[in-house]
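**Q** The whole structure should be built from the sequences, with the hints applied where relevant.
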Amino acid sequence: MTISAAPTTTPAEEAPTVVTVVSRKAPVVLSIFTVGLALVLLLGSHDGDTTFRLSTRDDLFQLPAVTVPAMVTAWLLVVVMAAIAGWSWALTLRERPTPLWLVALFTVAALVSFLAWAAAGGTIPVVGLLGGAIALAVPLVFGAMSGVIGERAGVVNIAIDGQLLAGAFAAALVGSMIGSTWAGLAGAAFAGLLVAVLLGVFAISYHVDQVIVGVVLNVLVIGLTSFLFSQVLAPNAAELNSPPRFKAIEIPLLGEIPVIGPVLFQQTAVVYLMYVAVAVIAWALYRSRWGLRLRAVGEHPKAADTVGIKVNRTRYRAVLLAGAIAGLGGAFYTLVSVPQFNREMTGGAGYIALAAVIFGKWDPIRATLAALLFGFASTLQGVLSVIGSPVPSQFMLMLPYVVTVFAVAGLVGRSRPPAADGVPYVKG
Amino acid sequence: MTGAPPEIPGETSEAKSGTTAPGDPPSWRLTLREIVAGNVLTAVLALVLAVIVGSLLVAVTDDEVREASKYFFSRPGDTVDAAFDAIWGAYTALFQGSVYNNRVDDPATAIRPLTETLKFAGPLILAGLGVGLAFRAGLFNIGGRGQMLLGGAAAGWIGVKADLPAGIHLVVALLVAMLFGGLWGALAGFLKARTGAHEVIVTIMLNYVGFYLVFYALSQESILQAPNSANPKSLPIQDSATLPRLLGDRYTLHLGFLLALVAVAVVWWILNRSAFGFRIRAAGENPEAARTAGIDVGRTYTVVMLVAGALVGLAGANQVLGTVTSGVTVDLDAGIGFDAITVALLGRSRPLGILAAGLLFGAFKAGGFAMQASQGIPIDLVLVVQSLIVLFIAAPPLVRAVFRLPAKEAA
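Taken in order, these protein sequences are the chains called A and B. Heads up: the first sequence is residues 1 to 428, going by this note's numbering. Heads up: the second sequence is residues 1001 to 1411, going by this note's numbering.
Keep in mind that the hints were calculated from the coordinates and are not lab data. Virtual Cβ for every residue (Gly too), placed ideally from N, Cα, C. There's no promise every hint is true.
Unchecked claim - Simulated DEER-style distance windows between Cβ atoms:
#1 B:Ile1111 x A:Val232: 34 to 40 Å
#2 B:Asp1085 x A:Gly179: 50 to 56 Å
#3 A:Ser288 x B:Glu1285: 55 to 61 Å
#4 B:Glu1221 x A:Ala248: 42 to 48 Å
#5 A:Ala238 x B:Pro1236: 42 to 48 Å
#6 B:Pro1397 x A:Lys302: 35 to 41 Å
#7 B:Thr1109 x A:Val232: 31 to 37 Å
#8 B:Val1060 x A:Val307: 44 to 50 Å
#9 B:Leu1261 x A:Ser180: 54 to 60 Å
#10 B:Asn1286 x A:Val307: 54 to 60 Å
Stated by the list, open to error - Residues of chain A placed beyond 12 Å of chain B at every Cβ, according to the derived structure:
#11 Val29
#12 Leu41
#13 Thr107
#14 Leu292
#15 Asp363
#16 Val408
**A** Quick look at the structure:
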């Protein structure tokens, strides 16, 4: 897909074979965000101090709350953003790409500036905000991991939403029947796996277009779970739809670190499972034999087949594993968030997870960061609606999605999926 | 996600024998060939298979069946009878709610369900065409919801606020709906063309953005909200802007269905007879080859999304100006934006296929409500059956294996 206006190709003069492609999109987008935020500050100037509360009442180490003048802080950070944008321009002119950490720094500056401005006269519970973001990101992260594994093996997994929903349903049902959260979690993984079996049969064995199978499976799971909910779960809510809940566990020592402790290490078991899952997947995908084979099957199945890797078997295993992982994510809804199942309770989170996969360029760590950003945005909406902000709430709620469109158009651009993504493998 | 555009449903290898190319024999002979080759047969069998699964679901979850199954081993007949009653009741209600109600004597009342089916089919066909057209260009338009919301809200804005003579009022409202829906769609196409932003992410995000935009408009009295109201809802649409009823006040069928039929014809013409349609199909089948042949693929993406969005926007207007004229709400899309994807898939992205699929799903919708009311079976059963139909139709070898038909000969 070319006809792009942005990338400028400049062959170096001495060595004509070396071609560097530097996109101007990063500095352009950073500049747009800087100017946009500056405009918001100009138009909606309001005085007062903003307090950032850094510790909760139960913390061992109490940090003092930081109170700053709202407008001054916001403007200072806009200056920082402008500096980063300028740096990015300088890098681009010297034909060097803008590093990821610079973009991350820019994002943090923009968020803090925005928070300082929006919450003028109020208090931002920093710990609650970040901790909530991690919790809300759980289904998104699990879903994104599922997407990454599937697509790296060459199978597009649009059915993430269906797997999350099936996981939520099974977790509620099994958890209520057995009365154990861990049984519910196992049930959720199994339900996600069942959806993945269908995906595998149709996409891998019968070569049905994977996008179609994914979309249709989502509808099927919505239909099935809603039907069974009305017919079976709702009339017998006490026995079948009141699962136990995971409780937050504080990890000794780690949980007592100021700010980081309460944010990262006073969470539920599902969150710790998520840390482990992301770490293991990120390691295994690039460092293990399993990961090498999986990526080979997704990039060039024919070559993989030639050296003796069973392409479709590898894909089946990847899809089933991905389904089980997404199912675990779905358990978050009924075993952590709200202890009962409701129709369509994922609210399209699977599609957001899919966006995180593409946003994260099919890389587990980047996809996780993207999912965390979405989680943060959802929590922010809640916090800001409590403190009350000068902008109409609908625009606040819209913001993460607008930012995503900008970011996808500008920062990510033409992301390259695995070469054989979505293509069934027919031996011969 | 696929970097290459998703395979166009109409062009899968199983469908090759059924595709019409200019210069092919007349359509009746094609139809005959299709029946012989088994495409129609597998479609019917897929329908049967989906209905069987739906029946099992009804039987298993039916209260009386479960009561009877407690003494299954002493009187197995009771369980079978109860299951049969439940299934028969469900599908009779579905039929009576969607085609012909044989419980009433008056034929004019008895055919009312059929008009309801057509009413529900209208927006499904329109939105299905929008999704299907984008499919043909290799774009996956999940943004039906946003495009419908924008189009519907814009139509409602004209319908509530503008004071125009009857007739012109309606036309203006429809055109503005197409404009807003079209621009919302074109935005995704434009971003794809200029920056390579994946249309799946962009359209999903635009769904949310569109939702909150419409929500905002509905909470501002200066834009859409009804005066002195706490709810995010507009005033009812003025009579001069509503889609007139087609068969008198006795039936709720309105002009929207005819609009859908016109749209089918227009899209068919665009795809099969116009240079633009050729560019769409070329870009969809092989963008690289299309580019080599001198087609501006980026512009094609933008324009095709403009047209697709306009069609979906028209579906939104159809809802606001025809089906629910009591005022614009944020639920105006009624899930049609997503249903449209299944309609387009079932119709294999071909206009006539989408027409048929839209009619079938319209019947399911009309019948589903009747089934829920009279038998207490949740309308979600319809979703299950619908999605199974699409799945099975997409996998003819599976259907053939289930019914032990011989494998299809290479056409």
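**Q** Against this structure, judge whether each hint is valid.
**A** Now for the hints, and whether the structure bears them out:
1. B:Ile1111 x A:Val232: 34 to 40 Å: This hint holds: roughly 36 Å between Cβ atoms.
2. B:Asp1085 x A:Gly179: 50 to 56 Å: 35 Å, violated
3. A:Ser288 x B:Glu1285: 55 to 61 Å: 38 Å, violated
4. B:Glu1221 x A:Ala248: 42 to 48 Å: 44 Å, holds
5. A:Ala238 x B:Pro1236: 42 to 48 Å: Given range 42 to 48 Å: holds, Cβ gap about 43 Å.
6. B:Pro1397 x A:Lys302: 35 to 41 Å: 22 Å, violated
7. B:Thr1109 x A:Val232: 31 to 37 Å: With a Cβ separation near 36 Å, threonine 1109 (chain B) and valine 232 (chain A) satisfy 31 to 37 Å, so the hint holds.
8. B:Val1060 x A:Val307: 44 to 50 Å: 47 Å, holds
9. B:Leu1261 x A:Ser180: 54 to 60 Å: 57 Å, holds
10. B:Asn1286 x A:Val307: 54 to 60 Å: 30 Å, violated
11. Val29: Per Cβ check, valine 29 (chain A) is inside 12 Å of chain B; nearest 10 Å; violated.
12. Leu41: 21 Å, holds
13. Thr107: For threonine 107 (chain A), whose nearest Cβ neighbour in chain B is about 17 Å away, the distance exceeds 12 Å, so it holds.
14. Leu292: Given a closest Cβ separation of 22 Å, the condition holds.
15. Asp363: Check passes; 14 Å lies beyond 12 Å.
16. Val408: 5 Å, violated
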